[in-house]
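A.B. asks: With the hints as your guide, set chain B with the ligands onto chain A.
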Amino acid sequence: MQRYLIKRSFQSLIVILGITVIVFMILHLTGDPTDLLLPPEAGPEERELLRHELGLDKPIYVQYLEYIKNICHGDFGQSFRYQTPAFSVVMGALPATIELTMAAMILSIVVALPIGIISAIRPRSYYDTLGMTFALLGQSIPVYWAGLMLILLFAVTLGWLPSTGRGGIKHLILPAVTLGMFSTAAIARFTRSSMIDVLDADYIRTARIKGLSEHIVVLKHAFKNASIPVLTMTSLQFGRMLSGAVITETIFSWPGVGRIAVQAIYNRDFPVVQTVVLVASVIFVGINFMVDIIYTYLDPRIKYT
Amino acid sequence: MSANEKILEVRNLKTYFFTNVGVVKAVDGGTFHLKKGQALGIVGESGSGKSVTSLSILRLVPKPAGRIVEGEILYRGEDLVKKSQKEMREYRGNRLFMISQDPMTSLNPVFTIGNQIGEAIRKRQKLNGNDLKEKIIEMLKLVHIRASETRVHAYPHQFSGGMKQRAMISMALACQPEILIADEPTTALDVTIQAQILKLMMEVREQYQTSIILITHDLGVIARFCDYVLVMYAGKIVERADVKTLFKGNRHPYTRGLINSLPHLGKKQRRLETIKGQPPDLLNLTGGCPFEPRCDYSVERCSVEYPPVESAGKGHLLSCWRWREI
Ligand SMILES: Nc1ncnc2c1ncn2[C@@H]1O[C@H](COP(=O)(O)OP(=O)(O)O)[C@@H](O)[C@H]1O
Ligand SMILES: [Mg+2]
Chain A
115 MQRYLIKRSF
125 QSLIVILGIT
135 VIVFMILHLT
145 GDPTDLLLPP
155 EAGPEERELL
165 RHELGLDKPI
175 YVQYLEYIKN
185 ICHGDFGQSF
195 RYQTPAFSVV
205 MGALPATIEL
215 TMAAMILSIV
225 VALPIGIISA
235 IRPRSYYDTL
245 GMTFALLGQS
255 IPVYWAGLML
265 ILLFAVTLGW
275 LPSTGRGGIK
285 HLILPAVTLG
295 MFSTAAIARF
305 TRSSMIDVLD
315 ADYIRTARIK
325 GLSEHIVVLK
335 HAFKNASIPV
345 LTMTSLQFGR
355 MLSGAVITET
365 IFSWPGVGRI
375 AVQAIYNRDF
385 PVVQTVVLVA
395 SVIFVGINFM
405 VDIIYTYLDP
415 RIKYT
Chain B
240 MSANEKILEV
250 RNLKTYFFTN
260 VGVVKAVDGG
270 TFHLKKGQAL
280 GIVGESGSGK
290 SVTSLSILRL
300 VPKPAGRIVE
310 GEILYRGEDL
320 VKKSQKEMRE
330 YRGNRLFMIS
340 QDPMTSLNPV
350 FTIGNQIGEA
360 IRKRQKLNGN
370 DLKEKIIEML
380 KLVHIRASET
390 RVHAYPHQFS
400 GGMKQRAMIS
410 MALACQPEIL
420 IADEPTTALD
430 VTIQAQILKL
440 MMEVREQYQT
450 SIILITHDLG
460 VIARFCDYVL
470 VMYAGKIVER
480 ADVKTLFKGN
490 RHPYTRGLIN
500 SLPHLGKKQR
510 RLETIKGQPP
520 DLLNLTGGCP
530 FEPRCDYSVE
540 RCSVEYPPVE
550 SAGKGHLLSC
560 WRWREI
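Those sequence lines, one after another, are chains A and B. To convert, note that position 228 of the first sequence is 342 in the numbering used here; the numbers rise steadily by one, no gaps. To convert, note that position 179 of the second sequence is 418 in the numbering used here; the numbers rise steadily by one, no gaps.
Each hint should be verified, as a subset may be incorrect.
Restricting the straight-line Cα-Cα distance to at most 25 Å, the calculated cross-link-like pairs of lysine-lysine (DSS-like) are [to be verified]:
{"no.": "1", "chain 1": "B", "residue 1": "302", "chain 2": "A", "residue 2": "338"}
{"no.": "2", "chain 1": "A", "residue 1": "338", "chain 2": "B", "residue 2": "372"}
{"no.": "3", "chain 1": "B", "residue 1": "374", "chain 2": "A", "residue 2": "334"}
{"no.": "4", "chain 1": "B", "residue 1": "362", "chain 2": "A", "residue 2": "334"}
Hints were generated in silico from the structure; no laboratory data involved.
Okay, chain A solo, but in the shape it has when bound (with noise of 0.2 Å):
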C-alpha cells in the first residue's frame, strides 16, 4: 500500500505537470496580451518594453521552466491586470467555488441516491417511471437555460430566492441546484442500474434466504456492491462540476474561480488563468486518488501493490 502511494503521487504529480505544459503552450496560441494591457494608441516601443517586463520576449520554452522554478518557488506570478500575486486572486476566489461544488455535489447525492434505490428496487412502478424521466430532463437540459429559468421562476416571479452574489444558505440554493442538476440525474440513473444489476446477484439470494428483512437485503448487502461503480461515477462528476461552475458562477455572479477564469482568459491574464487550471487539476487529482483508496475499503478484492 505505502508504495503504491508512493507511485500513486508520483503519477499525479506527471499528470499535473502535463496538464500545465498543455494550458501553457494553448494560452501562449491566443494572442499576445499586451493588446489589452496598452491602450490603443501605445506604440512599438512602449510594448516591447511591456513584453520584456512580463518575460514575453523570450523563447515559450524558457518562459515555461521558469513559471515551472518560479511555482516550486511559492510564486505563481502576478495577476497582468491587478497586479497581485495570480495565487492569491484565485485562492480569494476558492471558497466561494467549494462552498457551490459541495453543495451542489451534496445535493446531488442526496436526491440521487434514494431515487436511484428506490427505482431499482421497483423497476418499472410509477415511482421508477417518474424518476427516471426526472432524471432524463435533468440530464438534456443545458445548464445555463436551466439556471435563467430557475431564477425567472423562484427569484423574478415568485421572489423567493436571491438570483445573484454569494451569502448565506438561500444565495446557495439555486446555484447549487443548477450546478447539481445534471449531476443528480446522471447519479440517480447509475445508482438505478447498478442495483438491478445487483440485486440479481446470488448473495443477494442468499442474504434473502436467511430471512434477513429488505432493509438490510437492499441497503447492506445490495447497495455496498453497487456503491463502487456509483462512486467511480460520482467521482468523475465532480469533474464535471469544477467545469459546470464556470457557467453557473457567471449566470449568478457568485465570486468563485469560475468567473475568475472567465475574466482572466478574456483579459489574457495569463498568471490567473494558468493558476486557475493548476488548482483545479491538482483538486481533481486528489479527489480521484481520494476514491482511489475508498475503493479499498468498499471493495476488499481490489488490493493497490
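C.D. replies: Just chain B with the ligands now, kept in the frame of chain A:
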C-alpha cells in the same frame, strides 16, 4: 410429533415464467411431500424445473417474470403460497434454508465470511460482540474449516470453492432449519470435495434431524443419500418412488434412461448408454408427454394426451401411458 409427520406438502404447484417470447411452464403441477428427517432427492436434466421448485418453496421465484400461478405449499399445514414476502421472512432462515448451486457467487464479496454467518446466527440468537464472534468460530469449526479464528475475518475471495460451500453449510447450521434444500450443492466442486460436502450434509441430517431436499443430476449421490426420489422432466414429476424401487423397479422410460446412462463399476461395458435427443423446449410444449419424441416406447396417444398419475405400488407414482408394459 410423530416421525412420519409430513412437514412439507406441495400440491399441484405451477410456477410459470412470463417472458417476451412466451410462457415457460418451469414447474407444471408438482405434487410431493417431505417427512420429518427424510431426505428427498430430485433428479432430472438441467432445465427440468428442479431449482424453480425449490425457489418456489422459499417464495423466491425470480421476479417479475416468474410467478406461482397455482397450487399449495403447506409447511406444517400453513400455505406458504398465501404468505406475503414479509411473512415469509419468518419461514426463511430458521425453518427453510437453501444452499444453492454455485458457492462462488452465493456469498457476498464485500462482507467477511464471519459477518455473513453472524447474520444467520443472529436470526436465532441475539448475540453481539465477542459472544457472536465465538459462535461464528464455533460454526466454522463445525464445518471443519481450519484456522477458523482468523478465517472469520476472511472475505469470500480468499476461500476456495469447497470452503465457500462449507461456509454456506455453516450458515444453514446456524439457522438450524427444519428443511434444508441443497440445490446441486456439489456440482461446481471437485470430486474429492464433493464427497466431503455430502458427508458433512449427512452429519447435519443425523445430528439435527433436518429434513433435506437434495437436488442433483447425479444418481450416484441420490443412491447414497436419499430415501425417496422425484424424477423431473420438463417441469413435471414423471416418476417418484423410494430409492430402492427407483433403481430396481422403475417403470418410466425416462427414469430407466437415466439409470442406464450410469456407469456400472465392476461391470464390463462397451460404452455408456445415453438418452437420445435433446431436452425439450419448454416454450413449445404440446399437450402430450414431453418425453415422447425421445422415447423408445412411444405410441400415438403419447403425443396427444399427457398421461395421468398412476400408482405402481406403495409410494410409487408415475405418469406414463405404457408403464404396465415396461
Ligand atoms: N428467471 C427466469 N426467466 C425465465 N425462465 C426461467 C428463469 N429461471 C428459470 N427459467 C426456466 O425455467 C426452467 C426450469 O429451470 P430450473 O428450475 O433452473 O432448471 P433446473 O432443473 O436445471 O434447476 C428452465 O427452462 C429455465 O429456462
Ligand atoms: Mg438448477
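A.B. asks: Given the proposed pairing of residue 338 of chain A with residue 372 of chain B, does the C-alpha separation stay at or below 25 Å?
C.D. replies: The hint holds at about 22 Å.
A.B. asks: Check the hint pairing residue 362 of chain B with residue 334 of chain A against an upper bound of 25 Å on the C-alpha distance.
C.D. replies: Since the Cα atoms of residue 362 of chain B and residue 334 of chain A sit roughly 16 Å apart, the hinted pair holds (cutoff 25 Å).
A.B. asks: Under the criterion that the straight-line Cα-Cα distance not exceed 25 Å, is the pair residue 302 of chain B, residue 338 of chain A satisfied?
C.D. replies: holds, 22 Å
A.B. asks: Between the alpha carbons of residue 374 of chain B and residue 334 of chain A, is the straight-line distance 25 Å or under?
C.D. replies: holds, 22 Å
Checked against the numbered hints given earlier, the structure satisfies every one of them.
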